[in-house]
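Student: Make the complex out of the two chains shown on their own, each in a separate frame, by following the hints.
These are the residues of each chain, in order.
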Amino acid sequence: MRILKYMALALMLTPFAATAGNYPDKPITLICPYSAGGGGDTATRMIAKLAGDMMGVKINVENKTGGGATIGIGAVSKSKADGYTLGFVSTSPITIRTHMMKAPYHPLKDLTYVGQFVASSQPLVVLKDSPYKSLADLIAYAKANPGKLRWSTSVQRGGPHVAVEAMFKAEGAKATFIPFKGGSKVLAALLGKTIDAAMMSEGNKSTLDGQTRILAEGTPNKNPVNRKVPTLTEAGYPIAPAIFFGLAGPAGLPADVLAKWDDVLAKVVKTDEFKALANQRKWSLDFAGHKAFTKTVVSDYNAAKIAIAKIGMK
Amino acid sequence: MDLILEGLSLTFTWESLIAIIIGVAAGQILGAIPGLTASMAVALLIPYSFYFSPWVGIPMLMGMFKGSLFGSSTTAILIRTPGTPAASATVLDGYPLAKKGKGAKAIKMALYASVFGDTFSDICLIFFASLLAMVALMFGPAEYTILIAMALASLGMLSSKPPWKGLVAMLLGVIIGTIGLDPITASERLTFGNPELEEGIGLIPMLIGFLSVSEVFRQMESSLSDLSGKAIQFSKKKIDNRVSWTEFKSCIPVMFRSSALGTLIGAMPGLGSTVAAFLAYGEARRTSKHPEEFGKGSLEGIAAPEAANNAVSGANLIPLLAFGIPGDIAAALILSAFMIQGINVGPLAFSENPVPLYAIYGALIIANAVNLVLGHGLVHVSRVAFAIPRRLLLSSVLVIASAGSYALRGSLFDVQMVFVFGILGFAMIRYGFPTVPLLIGFILTPLLEENLRTVLLLASTYDESLLFVFTRPAFNVLAGLIVVILVLVFWRKRRLRRLPSPPSDS
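For the protein sequence lines, the chains are A and B, in the order given.
Residue numbers for the first sequence follow my numbering, beginning at 1 and rising by one.
Residue numbers for the second sequence follow my numbering, beginning at 315 and rising by one.
Keep in mind the hints are simulated off the structure, nothing from the lab.
Misleading hints may appear alongside valid ones.
If you anchor each label on the Cβ, the simulated ranges turn out as follows [unchecked claim]:
{"#": "1", "chain 1": "A", "residue 1": "LYS128", "chain 2": "B", "residue 2": "PHE506", "range": "31 to 37 Å"}
{"#": "2", "chain 1": "B", "residue 1": "LEU319", "chain 2": "A", "residue 2": "VAL298", "range": "57 to 63 Å"}
{"#": "3", "chain 1": "A", "residue 1": "LYS128", "chain 2": "B", "residue 2": "PRO476", "range": "53 to 59 Å"}
{"#": "4", "chain 1": "B", "residue 1": "PHE506", "chain 2": "A", "residue 2": "MET313", "range": "25 to 31 Å"}
{"#": "5", "chain 1": "B", "residue 1": "SER323", "chain 2": "A", "residue 2": "LYS80", "range": "41 to 47 Å"}
{"#": "6", "chain 1": "B", "residue 1": "LEU319", "chain 2": "A", "residue 2": "LYS267", "range": "38 to 44 Å"}
{"#": "7", "chain 1": "B", "residue 1": "PHE366", "chain 2": "A", "residue 2": "GLU171", "range": "30 to 36 Å"}
{"#": "8", "chain 1": "B", "residue 1": "VAL797", "chain 2": "A", "residue 2": "LYS78", "range": "48 to 54 Å"}
Idealized CB from N, CA, C, for every residue including glycine.
Just chain B, with the same shape it has in the complex (with noise of 0.2 Å):
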């Protein structure tokens, strides 16, 4: 007891406050910019962490990253741009409440959902991180392999009318995750030659030129006179700008089960946040009792996304602080800061020296509660920010699309290819093809190919035989689990199709 409260008071200072307080809020700012990542300003300032005890410069990172996964998805609701990868799914309800005018209300339970998703994991990190990092590591590419095709089959279809079309999309995104090099021989596939293409194509470059560029040329379409009007209208009535306690309360059951989703998929090394908010988002739909909404502007759409990314970020601590192994990028800066401020993770940690872990904790949850604070004050600046004519807006949109790509690593490739997908996105949009199982395809590919040619090789140390993935656990609870899924899934049909049809349906 008397260690948690001394690791406690070194964070509960002023000084560690204020540095929360810059770090949220300038993480927000910089997860709105696309392009600007959190993890790029934090790579810059941790060499500078040096000057500062460790209780300041810490926390402000923590604080940073925790805001701008808040910060990236008030760009994503409002002009359909994500800031950072990690909130494109938000996109997918957000954008259509704000068109309804109710962009504040979708901030608003972005804001809600991400809070409670930071809390909830790291509430499990202080608790059972040791326990679920013994999961996490049960994990092996076995289980990536099942748990990713899972995915990619659930996903796929997503909110497509006919099926086929969703499939087609689904199909053009896995063939552009596989340009670039051959994860285990190194070999060029669909590079053409091009040395750029090497590294495959760039996530943030294709989601900002997919999603928002292509948004762009949709909007040239639509006739001039109305070119006039504002960019994003907020509608005038209280009720469409907050998030009312029933709503809240209807969402509360889809953020439990996103964050611990997030949770899950945060503690294990390698599949990040923008996967975990697919998933979460694909899961809500499944669950939801309002599934048609989806897409539409469902609430539901907008917090499993947000609560699954953010309780990824506050997970990726657990095999952080349980083995040293750091689970994604900002995981790992903050591996670094600590080795260079000589604090040790890993197991002995905890026997050895367990007063800074505590004092991490403390800064965890102050930072919560600083970005729930602040993202209100966000929601006020972006209401006002984006309150000018739509013709001025769609075109720095366009400037902001090219600067932002420029600046991840100052390719003019990466630029052109910003417009490629803008032109890709805006002639699937106007051919009726649904947009998300191509971003799914394309970010899950790399990550099902890796896992499972790693399978493939490891069946050959068993004896040839594929059979070996039975001996695993965690493989035979995950395939468990999915059987009963397809169950439950082939079931409800059966039982829709026997009763006579709705007629109020869509």
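The shape of chain A in the complex, shown without the other chains (with noise of 0.2 Å):
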């Protein structure tokens, strides 16, 4: 009898004695602010499966869109701390927007930074058939018929907006902001003529070398289909801040859920199939562990704050 109630005790306990240290032993849900197929849903499907697969269990990708991606972030932020709802964090939302607006959660605060795993580029483009050749044409136009060039990008006071923004305001020029959700719409708007100009993370390489071209460069990195375009800040413009994607959990993420998502990105983003996406999509690599995506972070949001208040965007 004795030995039948160790059994069963036995029993009970196993399932506890294996959750401890053992993460992650059950589905675990990445949750992308961006709505099904821009650029960072790809992103976040392709590090589930990835990840999913190394780690052994399956990780469900949430799309929950709105407020320039604070909802989802926000719905990061407040879910609980064990590892099993993470998110897929960019640079508007965390180092940019959070200067402008009431976010539901501070970035310093109530999120920690898993890692990141890409450098996008942000390109600054024009129709093909666009009667301006260079940036400088068109910061001429702007400067002599204010407010009539119309512009968009997809992240409505994101970082792109707000150095395109420092670039009028630094040549006296002033140009009209026109919003749309998402990145297809901007290249729709672009293509229908409604807007004359557009800071594109669109990396598919036919679509814009066939219809579009490149004026300028919105990241610190030299774009990758036009090496020869200056990027903002080499054409002696305040910012082109850093556009990273990186995964984020709420405050308080465990040190051991911590350690095995470093290793796990830093296994994904040398795989074949993520390296054949980002040369697909045009993206530069760039894997930064929890503590140096912390950093980066922590840096650009101080940076930014000072440049948003110069430009006085609210």
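Tutor: What follows is the structure, given as structure tokens:
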């Protein structure tokens, strides 16, 4: 009888024993704050598949869109800090947007930065048959016709938005920003001539090569499609913020979770599948673990604070 | 020609055919379950498509989308529960027909119209993709605004006997549609500080509650004695269970118009199949010889939305293949499958390597044929599945409604919404308010607001003048078309008034 009791006790304890220190042992949810099909979504799904295979659990992707990605990230920040709910994060709603609006989280207090895996390019483009042959042409038109130049980018008040506004501000020019929801609508508006210029994260080579002309690059790295065009800082303008893709969780993620992801993410970015996707989308792979990524976020956040105050963007 | 044959040879293989059959069957079943959408299933499957040859994975995804659009109409017709939002317009005439025992006829009509719409838009895609995409790009915020405003105006009064009740219902829909974050400035509206409301009311919980749960509540009112009866009576007469050639022929004009409308809407990014279905329904009712039958079980009322919503799904590939712009989630998911497989889309794709595109065309056409064949099987399955006593079905509808809305994003708030809208729908039916205008107001308002406010912003760059819209050719054509329709409507009304009114009318 006693043996039976112990066996029953052992059986009861088994599931608990399995959970301790064995992260992950059940499906993980990755919240993507952008809609299905965009760059962020493709990246999240690829990470979910590759990391899920490596860790031997299913990783589900949930798209929680809206509020310029703050709704999805807000959901991440409010989730349980057990490592089973993480989210995709990118520059704008972390280091940029939070200086201009009340986000449902504080980027430095409510989130743990798990790791960065991509730094993407942000070319400023016009249509192939546009009269603007260079960045100087575009600026000259905006200066001569205040408010008449229409432009857009997929995230309102995001890094690229701030960078381009800072450029116009530095030149004393005025252009009108027309918001659209998502990169594909921005591209449609550009092709349909509703807008004159756009800063696009769309890395589809044939789209950019066939239909548009790149005038400048909005991030610190050279544009991979056209290496001849200057970055905004090279052209003498105030900022060209790095545009990162990474993963974050709620504040206070356990150390074993962070260690696991440091290890897994570093392997994920080295897989052939991820390299192929990054090559296809013209992303520069740029892995940074928890510590390095947190450092980037903190310094970018503080730098953007100063720049945005100068432009007076709200 | 060699390239076309090479492309077709990629999909005319056993592996592709089996993949399409699996995709269509899975799509039809997933589509029929409320809350489970083909987009969700496909999103989950995409990462695994890496392991297959592209010509197994991609045809399967396409079959799934096509199957789900038809599958979702079976439950819309039989138990007033649209499996996906795109089928909500099919409820209007499908459910009344099912109540008359003609459920099988209604489902078959939906099937034929779906396959018709699919085939029509696929042919348009194959032959006129770049032309249609050019036309669609001429539609900017100004054109969307006038199109949606027109739709709101014409659909809002649909089938409401005192028109003011229809108007009240629509305005209620408009108000519910504005709940959530403002689309331009992202400030909170009507959320009462509840963060759950920030994202707005979810379309699927709202539809399920408003259409099916309200119906369950309504049936709870009826006397206990008939609760032992079967849930859905299928008539024994052969004529009630099939679509005769005469009936099919009478729906052909409506299917053509609805497919054309659906194709055009599908080619424009951002409007979607639900909008197309409702627009086609309104248009079919306007042009029908028997508008009085709409809402009571008109076959045209089934054919129109079904042809239109399926036409949208094919046409969504038009801006995708022509410019690399995905029109909706389905197209976006297909785009990511292409990208993972290294297939380029956009204007250079045709000149660089058209073979994959021809292969896709082949897969689309095969999927339509498979959808038709498997669809007939689904009619028989659903006849057996729903031949259960009504008291069992009604309670299981409540369970399915709750589970389906929960499954969508794992939110109990959504389940609460299902019942809130169930009660609202029930109250509206009880007090004689039409329910459709509310749905239309709810679906169209966010689209209208987003586009109208963009137009106002654009006006600021044209010396603060709204007149710039008349410099846009597509706007002028649309405005002209709307004037013509308005004149026709008034002319017809006047002529009707002059004639002695027919005594048999209603």
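Student: Hint by hint, say whether it matches the structure.
Tutor: These are the hints, each one checked on the structure:
{"no.": "1", "hint": "A:LYS128 <-> B:PHE506: 31 to 37 Å", "in the structure": "violated, 49 Å"}
{"no.": "2", "hint": "B:LEU319 <-> A:VAL298: 57 to 63 Å", "in the structure": "holds, 59 Å"}
{"no.": "3", "hint": "A:LYS128 <-> B:PRO476: 53 to 59 Å", "in the structure": "holds, 56 Å"}
{"no.": "4", "hint": "B:PHE506 <-> A:MET313: 25 to 31 Å", "in the structure": "holds, 30 Å"}
{"no.": "5", "hint": "B:SER323 <-> A:LYS80: 41 to 47 Å", "in the structure": "violated, 52 Å"}
{"no.": "6", "hint": "B:LEU319 <-> A:LYS267: 38 to 44 Å", "in the structure": "holds, 43 Å"}
{"no.": "7", "hint": "B:PHE366 <-> A:GLU171: 30 to 36 Å", "in the structure": "violated, 52 Å"}
{"no.": "8", "hint": "B:VAL797 <-> A:LYS78: 48 to 54 Å", "in the structure": "holds, 52 Å"}
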